[in-house]
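Novice: What follows is each chain in one-letter form.
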Amino acid sequence: MSSSVESLVGKEYKYGFVTDIESDIAPRGLNEDTIRLISAKKVEPQWLLDWRLKAYRGWLKMSEPHWSNVKYDPIDYQSIRYYAAPKTTKPLGSLDEVDPKLRETYEKLGIPLSEQKLLAGVAVDAIFDSVSVGTTYKAKLAEQGIIFCSFGEAVREHPDLVQKYLGSVVPLSDNFFAALNSAVFSDGSFVYVPKGVKCPLELSTYFRINAAGTGQFERTLIIADEGASVSYLEGCTAPKRDENQLHAAVVELIALEGATIKYSTVQNWYAGDERGVGGVFNFVTKRGKCVGANSKISWTQVETGSAITWKYPSVILQGDNSVGEFYSVAVVNGKQQADTGTKMIHLGKNTRSTIVSKGISAGEGQNSYRGLVKIMPKADRARNYTQCDSMLVGNRCGAHTFPYIDVQNSTAALEHEASTSKIGEDQIFYLKQRGLNTENAISMIVNGFCKEVFKELPMEFAVEAQKLLTVTLEGSVG
Amino acid sequence: MLEIKDLYASAGTKEILKGISLKVNPGEIHAIMGPNGSGKSTLAQVLAGHPAFEVTRGQVLFEGQNLLDLQPEERAQAGIFLAFQYPVELPGITNAYFLRAAYNEMRKARGQEEVDPMDFLDLLEEKLKVVDWGPEIMQRPVNAGFSGGEKKRNEILQLAVLEPKLAILDETDSGLDIDALRTVAEGVNRLRHPDKAFIIITHYQRLLNYIVPDYVHVLSSGRVVMSGGKDLALELEAKGYEWVDAQAEALAR
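Sequence lines, in order, name chains A and B.
With our numbering applied, the first sequence has no gaps in its numbers, which climb one by one up to 478 at the end.
With our numbering applied, the second sequence has no gaps in its numbers, which climb one by one up to 253 at the end.
A few of these clues could be false.
Within a straight-line C-alpha distance of at most 27 Å, the following computed BS3-like cross-link-like pairs (lysine-lysine) qualify [to be verified]:
id: 1; chain 1: A; residue 1: 140; chain 2: A; residue 2: 198
id: 2; chain 1: B; residue 1: 18; chain 2: B; residue 2: 239
id: 3; chain 1: A; residue 1: 422; chain 2: A; residue 2: 455
id: 4; chain 1: B; residue 1: 18; chain 2: A; residue 2: 422
id: 5; chain 1: A; residue 1: 422; chain 2: B; residue 2: 14
id: 6; chain 1: A; residue 1: 451; chain 2: B; residue 2: 151
id: 7; chain 1: B; residue 1: 129; chain 2: B; residue 2: 151
id: 8; chain 1: A; residue 1: 140; chain 2: A; residue 2: 195
id: 9; chain 1: A; residue 1: 41; chain 2: A; residue 2: 54
id: 10; chain 1: A; residue 1: 164; chain 2: A; residue 2: 349
id: 11; chain 1: B; residue 1: 108; chain 2: A; residue 2: 467
id: 12; chain 1: B; residue 1: 108; chain 2: B; residue 2: 196
Non-contacting residues of chain A with respect to chain B, defined by C-beta distances greater than 10 Å in every case (computed) [what the hints assert, rightly or not]:
id: 13; residue: 35
id: 14; residue: 54
id: 15; residue: 167
id: 16; residue: 352
id: 17; residue: 444
Because the hints were derived from the structure by calculation, they are not lab data.
Yeah, the Cβ is synthetic: ideal placement off N, Cα and C, and Gly gets one too.
Can you make the complete structure from the sequences, with help from the hints?
Specialist: In structure tokens, the structure reads:
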């Protein structure tokens, strides 16, 4: 048992490079002036500044939550820079004007910004530190009335939509990190799909933290109007740094009657080194609201990075017959900690939710699933199916499950299945005896374990996710 | 093809194999019998390279190559196949995907190109006949939820697809009812070939009624205490393993 189950840790983090680019950076620390500065940099309307200040004042009265199953040194919120932007001399007229160094960064990440080279059928918005550096395929999408742009641009061009929906799913006082984000968020993506339109492209945003000592606080707002549908994917990377970087994003999804939103995440923030130094603190609030009847929101996440992940993509099932889904793969290795899961809040009649969570723990990683299924009194005949599987690699890691169930309507039907397994020496030996090397054997076992989640991802990203998983686990079994 | 010379192996501090010597030529079928704990399965695992066992003395040559220097996957690629006594379950991985991956590893090791998925399906269709199975089995996850008999049949299917030079069957008959036993044995008989050899490990003589061996070796306490032709198995069945133990004691004296 000795040789085999203990050695894939410590494959070099491929995205750990730093781009040497001049930045426009706010001084460290947070006060009302910082917020006014951010708002002024972004030339925001008064209502948004007021909204930010209200969030900030609320945040001051809140305290950091510590109920999750993760441990970390206290965060000094006054040592963080809340705004960093690559310096540009003038506003960009087209994607061709993007700084070559930035373009290079995205090329290295495998995300070409030029539209010609783009993967067929994927439109990309790229966020570098605090600002969006370019959105592709905008014109093509606009033909169908679809808006896909940076959040900042949406505030300028579509203020009514932003004002109507911002904070409608995650109120500014929702929780400590959401309140902080509401006060200081810098940029993010905005999507609006009009009535009856099926978005013909996968929409995708890549987030990159570059500048040192900065936090990233992006805000994403996606609205699918009646009968509309959209599939959206986000990817994230960061350079290797010895300090912890804070990422506190908020994502709000709104599905009106008959609308469908599919939101997929492949999260690969820097996880810190093998001793647990550095890495991103990923404290994210993601929530969708099925406002209208027969609407559907589906979250799929593959979480392989970050030193700490604290994230519960949730669905409020308000409309009758609405559907919520959560498919998750969370991998921890080295000293990574993840506390992730979902909340399914059933308000409407005949609402249905499905939760499939796959946690893989390797090295000294700690992985927790935390989920709430809540059936409110008027949610007649609500149904939930939860499946929660954990896999352990080696014997120094941990897997924890915290399912909460709150049923206030006797017609509800809930199912919960859970399992824990260990990647065994015997499984690996079996595959080796059939000619596969250790790495391929582990990759096959783990991908088999995660199959139900990977099949929910758009094709190209499923392949990427499989590879990412193999790289993350490399060295954990040898 | 295979030459085992004075092989000693232990699991932790416990010595299990205590000087095994055996020679297997192409085309031969060798049966290895013996009571529980005699080291039969350990021998199979050691030949396949299971990391739980340490070889402390001796040598194993496979086609002139020092087998003990090779990783388990290299041994498999060199043409050694172990049909497991307890095949593991691989949830989420279909039989078709698994078999193609293994088949391609063997091809790559021989410097051949990977097989086209459609061509592989044609190949599978042929091989499924060996174990009398329909194509639906290929979409089921490897061994997950399989009955004991199905798992053993699946081992024989893998054997048929991978076409090794030397196949070691580790108690493939254990836990099988008579029909399953017959299917498995017929599968093996179809795979007999002048260039290929089999080592069949079994506790009972029963399997050897269907797969007739050229040689029978009896293991006791980690040593080969008797070798003979196929009749030895019948004699053993009649006299029981106590008879073997008596012989072993005589040998040790």
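Novice: Within 27 Å, alpha carbon to alpha carbon, are residue 164 (chain A) and residue 349 (chain A)?
Specialist: Since the Cα atoms of residue 164 (chain A) and residue 349 (chain A) sit roughly 26 Å apart, the hinted pair holds (cutoff 27 Å).
Novice: For residue 108 (chain B) and residue 196 (chain B), compute the direct alpha-carbon distance and say whether it is at most 27 Å.
Specialist: 21 Å, holds
Novice: Starting from residue 18 (chain B), check that the Cα of residue 422 (chain A) is at most 27 Å away, please.
Specialist: 33 Å, violated
Novice: Take a quick look at whether residue 140 (chain A) and residue 198 (chain A) sit within 27 Å of each other, Cα to Cα.
Specialist: 14 Å, holds
Novice: So is residue 167 (chain A) really clear of chain B, every C-beta pair being over 10 Å apart?
Specialist: 40 Å, holds
Novice: Take the C-alpha atoms of residue 422 (chain A) and residue 14 (chain B), compute the straight-line distance between them, and say whether it is at most 27 Å.
Specialist: OK: residue 422 (chain A) and residue 14 (chain B) at ~26 Å, within 27 Å.
Novice: Since residue 444 (chain A) was said not to touch the interface, does its Cβ keep a gap of more than 10 Å from each Cβ of chain B?
Specialist: The claim breaks: residue 444 (chain A) does not keep its Cβ more than 10 Å from every Cβ of chain B (closest is about 6 Å).
Novice: Given the hinted pair residue 129 (chain B) and residue 151 (chain B), is their alpha-carbon gap at most 27 Å?
Specialist: 16 Å, holds
Novice: Would the hint linking residue 451 (chain A) and residue 151 (chain B) be met if the CA-CA limit is 27 Å?
Specialist: This hinted pair holds, its Cα atoms lying about 22 Å apart.
Novice: Verify this label for me: residue 54 (chain A) is non-interface relative to chain B, using a Cβ-Cβ cutoff of 10 Å.
Specialist: 48 Å, holds
Novice: Just double-check residue 35 (chain A) for me: nearest Cβ-Cβ distance to chain B has to come out over 10 Å.
Specialist: Correct as stated: the minimum Cβ-Cβ distance to chain B is 48 Å, above 10 Å.
Novice: Does residue 239 (chain B) lie within 27 Å of residue 18 (chain B) when you go C-alpha to C-alpha?
Specialist: Distance ~25 Å between residue 18 (chain B) and residue 239 (chain B) Cα, so the pair holds.
Consistency note: the structure conflicts with the earlier hints numbered 4, 17.
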